[in-house]
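Peer 1: Put chains B, C, D and E on the given structure of chain A with help from the hints.
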Amino acid sequence: EAPTVPDAQRFGHSFKIIFKMIWKHSLVFLICYFSLTVLYNFGLDEEQVRNFEALTSYLARYTRTFNWMIMLGFFTNTALQRLFTTQMTIPGTDRITTLFTMSLKPNLPEGPAIVDLYARWTVLAWILTFRIICHPLRREFPNLQAIQDSGILLEEEKRILLDEDNPVTVTPRPLVVIEWMLLLLKESMKEDRYIKESSHIKNVEAVMAFKKSCGNTIKNIPYAVIQAVVLVVYWFCTVLTMARNLRAFKNEFVRNIISYFPVMPYIQFFVFIAWLSFGRAAVNPFGNDESDINVMQLCEAHIKHSFRLKNLYTNNLDEDVFRFLP
Amino acid sequence: EAPTVPDAQRFGHSFKIIFKMIWKHSLVFLICYFSLTVLYNFGLDEEQVRNFEALTSYLARYTRTFNWMIMLGFFTNTALQRLFTTQMTIPGTDRITTLFTMSLKPNLPEGPAIVDLYARWTVLAWILTFRIICHPLRREFPNLQAIQDSGILLEEEKRILLDEDNPVTVTPRPLVVIEWMLLLLKESMKEDRYIKESSHIKNVEAVMAFKKSCGNTIKNIPYAVIQAVVLVVYWFCTVLTMARNLRAFKNEFVRNIISYFPVMPYIQFFVFIAWLSFGRAAVNPFGNDESDINVMQLCEAHIKHSFRLKNLYTNNLDEDVFRFLP
Amino acid sequence: EAPTVPDAQRFGHSFKIIFKMIWKHSLVFLICYFSLTVLYNFGLDEEQVRNFEALTSYLARYTRTFNWMIMLGFFTNTALQRLFTTQMTIPGTDRITTLFTMSLKPNLPEGPAIVDLYARWTVLAWILTFRIICHPLRREFPNLQAIQDSGILLEEEKRILLDEDNPVTVTPRPLVVIEWMLLLLKESMKEDRYIKESSHIKNVEAVMAFKKSCGNTIKNIPYAVIQAVVLVVYWFCTVLTMARNLRAFKNEFVRNIISYFPVMPYIQFFVFIAWLSFGRAAVNPFGNDESDINVMQLCEAHIKHSFRLKNLYTNNLDEDVFRFLP
Amino acid sequence: EAPTVPDAQRFGHSFKIIFKMIWKHSLVFLICYFSLTVLYNFGLDEEQVRNFEALTSYLARYTRTFNWMIMLGFFTNTALQRLFTTQMTIPGTDRITTLFTMSLKPNLPEGPAIVDLYARWTVLAWILTFRIICHPLRREFPNLQAIQDSGILLEEEKRILLDEDNPVTVTPRPLVVIEWMLLLLKESMKEDRYIKESSHIKNVEAVMAFKKSCGNTIKNIPYAVIQAVVLVVYWFCTVLTMARNLRAFKNEFVRNIISYFPVMPYIQFFVFIAWLSFGRAAVNPFGNDESDINVMQLCEAHIKHSFRLKNLYTNNLDEDVFRFLP
Amino acid sequence: EAPTVPDAQRFGHSFKIIFKMIWKHSLVFLICYFSLTVLYNFGLDEEQVRNFEALTSYLARYTRTFNWMIMLGFFTNTALQRLFTTQMTIPGTDRITTLFTMSLKPNLPEGPAIVDLYARWTVLAWILTFRIICHPLRREFPNLQAIQDSGILLEEEKRILLDEDNPVTVTPRPLVVIEWMLLLLKESMKEDRYIKESSHIKNVEAVMAFKKSCGNTIKNIPYAVIQAVVLVVYWFCTVLTMARNLRAFKNEFVRNIISYFPVMPYIQFFVFIAWLSFGRAAVNPFGNDESDINVMQLCEAHIKHSFRLKNLYTNNLDEDVFRFLP
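For the protein sequence lines, the chains are A, B, C, D and E, in the order given.
Here the first sequence is numbered in my numbering, starting from 5 and rising by one per residue.
Here the second sequence is numbered in my numbering, starting from 5 and rising by one per residue.
Here the third sequence is numbered in my numbering, starting from 5 and rising by one per residue.
Here the fourth sequence is numbered in my numbering, starting from 5 and rising by one per residue.
Here the fifth sequence is numbered in my numbering, starting from 5 and rising by one per residue.
Do not rely on the hints blindly, as some may be mistaken.
Identical copies go unnamed one by one, so any copy, or any two together, can satisfy a pair.
[To be verified] List time: in silico DSSO-like cross-link candidates among lysine-lysine, alpha-carbon distance up to 27 Å: (1) K308 x K216; (2) K216 x K162; (3) K20 x K223; (4) K162 x K314.
Simulated from the structure, these hints should not be mistaken for lab results.
It should be emphasised that the depicted structure is a prediction, and the values quoted were computed from it without experimental measurement.
Extracted from the complex, chain A is given alone in its bound form:
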């Protein structure tokens, strides 16, 4: 009865995500920061103290005057908008399998078997595509045998996909499966299984749209862009551990605040690391992070849907579901 999470829980959950995202970095940051504080207070002679103060204030100047935030803002903005587009255009199996099921003449003897075959192949093409970009799915299905064990792939199909001598196998595997689907459509047309012949081309077009959508999923923001942003943010955070404008504050109380309660540098650090993390997650939306698109769940949903489809073909509303229909 409760498909949605209560808000308080969701609130706590998202803090957990932020915490998981940031605790390692925070630990390193704070250890470095306090080590430098200890060094400054107890480990340096008078001239070294002067040098330390001069150097840290020189660095503090750089953390303030260069617009690091602008670069990161543009990057994360671009990445998030990319994420939304990906969310919207991620390929689904439901549309094409339902369309095929509904295009077939009802009461064909071979109907259920064909619907089953088509739905299974769609899911198979989907899994073979997402294995290329999605780590968790690759861990779930490390090889074709694992896919066969889950019932998505038959022995004979695996043999064809693996057959090295077969000239077909030089093509990417998802494309092989999509070609089987097209051949099945052709056969359905030849055997006169469609309600209307014009459905044939509609189904072909749906398969081609599915294929294009699979292809688009693989394209992504060039990895080197992310690497460069990561480098710069880490560099900035390193400077941040050192930067402290001690010479500008003669007041002992403030100097202690700066040395032992670095709340202001920490919040800067927090903004940068958190913002970077979201940008990274948005750039690679099929990973392990909790804010990523949950491909495993999607995969299960697609498998379930393919099982339900047989019912859609065989059931009749008035006999199998309801009795009150007109």
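Peer 2: Positioned in the frame of chain A, the structure of chains B, C, D and E alone reads:
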């Protein structure tokens, strides 16, 4: 005769929205601010005053040099653009029900009942989808019984949706209803109820587009992004209550202004909280806020529309609406 | 022979727009600014002068350090992009009426009357929709009688739209008209007036797209966002009239420039007010401003088009327009 | 054999574009700058020198503290994205004419004449549309006679377009031509010239899409926005010629650099003027600038294409093009 | 079994990309920087040292106060979003060739030859288009002979494309090939080779979409924009080699850090050059860079696909691929 609100009223109304959005935060901000002023003026000895002045000017420096606004600007910009996309792509029930009604042969004896069934199921799928993301709707319809009481769900349908032993129920409920709709389309085709057979696939495609649109509605900006932004803005506002650059102003008059009329910090505070609120509302556009998409009103409109549809099927323009037609 | 305005004229025209947009604000700004200058130079004793100088330099610091421009930049950027989307997706009547006209069999005796009816209703639905959001159109058509006077609405139709006892009238008026159009489509199908039966569904889909487009036009940027931005910009401009960094400039000449020729503050003021105005106009693109979408002109064009349509139905290219055709 | 320009040439070419874009402004800037330098060094008495130094350092402060760049950045960003959308959605004549040609039955005796007529009218509608917004095209075709001379318009058609008494002429001319096209489609349907009757509606929809695309081309960023940005940038550049922070630099060498080698102000000036020029060009993409969309070339391509179409209708692949076909 | 690269490798790979992108610039930057350091420390007399210090601190002021980053941020943002659009809309050959193959009646004797012809011409049009914008592809296919050698072009076709006297050749070559395709479609219709006649128009529309997509690929961000940004970034980096705020730091240790370990200027330099490189790569996405779209690989994939298509036409699922079908 006046479907639009006069501008003056709308002006006042939007101020009310802003006021409601901000008054609690403002109160806390001002209490903190003035408490610190009182503390500074009456509660500290001379050295504490010096420390206070030093600390607050240290914080004031941070409120000026770090580009907090850029982060918030990018966040709210991303969120608002997301909101527009959501507004445009929010699923509606009118298109698919009208399409179905107009595809049927006129004068079928079972026609009105079928149109009614289809329209009701569309609204049902819509409500079951929006209950997942929309608090007010979940409060309106806390369980299936509430939906049944409003006449959208029949006893027998509820039984099927609730039937735990039925293998169908492991699927999300909106999908179950959408499958009923597809079965009804199949039946209409088998019973030869369409004016043209080709309408069958058109209706199937319309249902699949409705389903995808429902699915997209649930996707959203990762909640952790918002949480991180909220954290940072609250942190900034906390610093803002403390930051006051008293040492830079020897003039007693300005020091009093800073202490007792914090208009400049308050406007900064206002910008941040207001901007954050819009970003938050845009991220979760189906909430309770007055600037949110009014899902309850949409729901009512969809229900009303589904009732009107039967007229669309049975009425004739020249007999039931006008008499002057050619 | 000259449908485009010469550039010089257009140049002058756009200055006129800017001037109209800004002159009232400019006047208030300059009066405040010079009043404060006069007060400072002639109305204050020595201590008050010191206080004035201290206060104004305190405010001047805020106009420089806080990134007001970023907030406004993001707002206007969002609003302008929204405006382009609106421009592109604004509903038009031509497509659906032309489609209907061209779908009908030529030489039907009732053809011209039906085309006329359909075209008129489309314009009627368009006007009833835009009256909700567009002030100039509401002033042109304050009530249904005004629409009837312009010949777009018949007496009998008005009666139905106004009939309070009729259960139809609880629906929004544009929807009532759209239902008439759908009924007319149904009748055309039943009376076998289409060239091809498949045109029926095409026309239904076109009407539904028109309806959705009308619905989208009403959605807009939450009014409270604009209000908040307006508040902040006015606040900033108030501060700008007071802010003057007199103490930083001992030189008498510069002090006079600052006091009597506030060109630098004025250009800041100009940027803010102009930018805000464009943002506002973009947010409410159907208003009275000269840079707004000219709905009145659009409305006229749609009405004219609906009159031309009858010719499109009855005319033959070779008899009524040209004689040289093959 | 070389349809692409070598890179070196392209490099030089783009420098030429930048140079052409900026040399006049640069000249004025540098003359003003050096005049002020000469005035300062040789034309002022001691007190005037002090005033000059005070004033220029007051202005220098403004060039640094106000975020002029942000406003310009947002403006050019918005304009460039608009340009890309325009590039993608610019109406083309190929699609609709090819579609019509391929929809006709082959071997109609009147076929070539009709294809020719339709293709010519499409180009005519295209030219009449772009004359409204594109200066070079209006110079090429100052009136209907010029269009007739190029063979796109016949005497009789011109007469109709010019006929002031004809009630048709109150409609915009491109729309008149589009109506001729629709009438030709209707006639083709009546005369049973289509391979399949369903092509009729497809062609009508293609013409309506062409019409909408023509309409969208005319819409643009409000001219007043550009004017306001131009005003502000020119104002900023004027300040830039005066601003020089001489008092902050006691060193004679740096003062000479500032006075005689204003490379740093010039690069600021360059960024602003170049950025503004791109923004302006993007806002009015059909102008004379070398980075604009080359409408003349497009126009020629469309005219050529319309001539080729007759071949597409009459030629047979196996007889007229190749001999080796199966 | 491993179509994806391990992450560690990918990590190293992207560093290599960044390194390749930046090492030449870095070398020049560091050589200039250290040369100036050596000059300052050993090559100047006392007054020259003072001048040097004054000049470098004057430049340092400019690197901090002008918002160079904003310009670059907007530019790279615009360019990256353009890149994503290009990635998504890049024309592919699969859709149209598969559609044609599946539209033909099975078992036509001339079927395989026609499918082969159509698929080859599609690839040919694709290659002729991308040769215009893509250097690597032009190096692979420097002239038509090279294309013929790879088997994509026949002798007779090459002759037609090269025939200078033939009036056809004034049209761009990709368009000539697309016209052959349209003629082939027309012939297929005349010879009654389609399963359904309505497929004819579908195929024509698919070819027109392919043509438009090819045309869009050639359009790009005006080259002069990039040139202007490059100029400004190089200028900024030149200033960066000179700018060093030596006078602000009396401390010898910090002065040595500034002179010999320019880590802070270098990271600024790194951000600018890296960001610029990504912007440039995104603007010209079909070049040689490793982060560019790999057109050569795409080309191979399209050629392979065209070979596979004959199988799709001739194979039967139950005879040639599987034996277990219903």
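Peer 1: With reference to the structure, classify each hint as holding or not holding.
Peer 2: Evaluation of the provided hints:
1. Proximity of K308 to K216 under the C-alpha cut-off of 27 Å is found in both arrangements, the shortest distances being 23 Å within a copy and 17 Å between copies.
2. For the identical chains of this complex, K216 and K162 are intra-copy neighbours only, at 24 Å inside a copy versus 32 Å across copies, given an alpha-carbon limit of 27 Å.
3. For the identical chains of this complex, K20 and K223 are inter-copy neighbours only, at 20 Å across copies versus 31 Å inside a copy, given an alpha-carbon limit of 27 Å.
4. In this homomeric assembly, K162 and K314 come within 27 Å of each other (Cα to Cα) both inside a single copy, at 23 Å, and across copies, at 23 Å.
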